[in-house]
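Quick mapping for you: the protein sequence lines, in order, are chains A and B.
Residues 251 to 352 (the numbering used here) are what the first sequence spells out, left to right.
Residues 50 to 207 (the numbering used here) are what the second sequence spells out, left to right.
Wrong hints could be hidden among the right ones.
Far from chain B by the CB rule (all over 12 Å, computed), these chain A residues [to be verified]:
hint, residue
1, S326
2, I327
3, P330
4, I337
Footprint (simulated), chain A over chain B, 3 or more residues, beta carbon under 8 Å [to be verified]:
hint, segment
5, 61-70
6, 73-79
7, 100-114
8, 179-185
No lab work stands behind these hints, which were simulated from the structure alone.
For each residue, glycine too, the CB sits at the ideal point set by N, CA and C.
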Amino acid sequence: MMQKPWFKVFIWFMATFFFFLAAGVVISVFRPGPTESEVMKFMMGMMSAMDNSMMGVAMGIESDNTLKSVIKMANSIALPVIVISIIAGIGIKLWQRGGKDV
Amino acid sequence: MNVRFDFIMHWLWAVVWSLLGLSGFAMVGAKHGWLLNFDYATADYVHRISAAVFVLLTFISICYEVYRNIKRDTKHLAWFVIGRSGYQLFTFITTLILIITGAIIWICTELNMTIAGFALLIHEYISYIALASVIWHIYKKSHALILSKKTAAKLPTK
Chain A
251 MMQKPWFKVF IWFMATFFFF LAAGVVISVF RPGPTESEVM KFMMGMMSAM
301 DNSMMGVAMG IESDNTLKSV IKMANSIALP VIVISIIAGI GIKLWQRGGK
351 DV
Chain B
50 MNVRFDFIMH WLWAVVWSLL GLSGFAMVGA KHGWLLNFDY ATADYVHRIS
100 AAVFVLLTFI SICYEVYRNI KRDTKHLAWF VIGRSGYQLF TFITTLILII
150 TGAIIWICTE LNMTIAGFAL LIHEYISYIA LASVIWHIYK KSHALILSKK
200 TAAKLPTK
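This is chain A alone, in the form it adopts within the complex:
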């Protein structure tokens, strides 16, 4: 698979993409600015996202009482689930160790 020409092109594309992305981020961080027009464009984009994107939908859902109760329930069970999974992990390790001795 790795030696197929189309896959080589894909790998090259991905590698180039990440290098350009990293270069873009470095340029963004170290360049001067932002200018007032850039801030305006960014704010306008954000406003438009609230109307036309999932951000608006998500914000609408957040005022939903049912969702709030689900979040509260998820919060309350998160810690027990983590503890149970840690215990289960230790249990599997001990079980495996027991199996090795046999």
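Knowing the structure of chain A, use the given hints to seat chain B on it.
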């Protein structure tokens, strides 16, 4: 053609990560907006949908790793995105941090601004570290970019 599961997961992960990276960095601030021509709505859409796929891929990977552990399969999966040591472990930790902070940002924006702000800060800085690590990873695996004579012969010469 025999394509391994870890190989497929690796490249699916890479594609989703690239989408998340581009859309996410374009939303960092006004200085970064030019990355997607200040189209915040598209970036937001792409980021949330890719994030859902990303969480699904992570969940499948974790389930597979747990299954392997139960089956006592100690074979090293070279292409797998998560693992017990090295870059695979680093990816696993950064992924978990990104998913948890991302979920907090998604859920808590309206509920608790302080927690959302803190999560946003962590999400952003971990993303910088993860992107730098991807560049390092590509550098370490750059031998994959080399064309073999056989492959080069198959490519159009003109």
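Subject >> Hint check against the structure, violated hint numbers in rising order >> reply: 7
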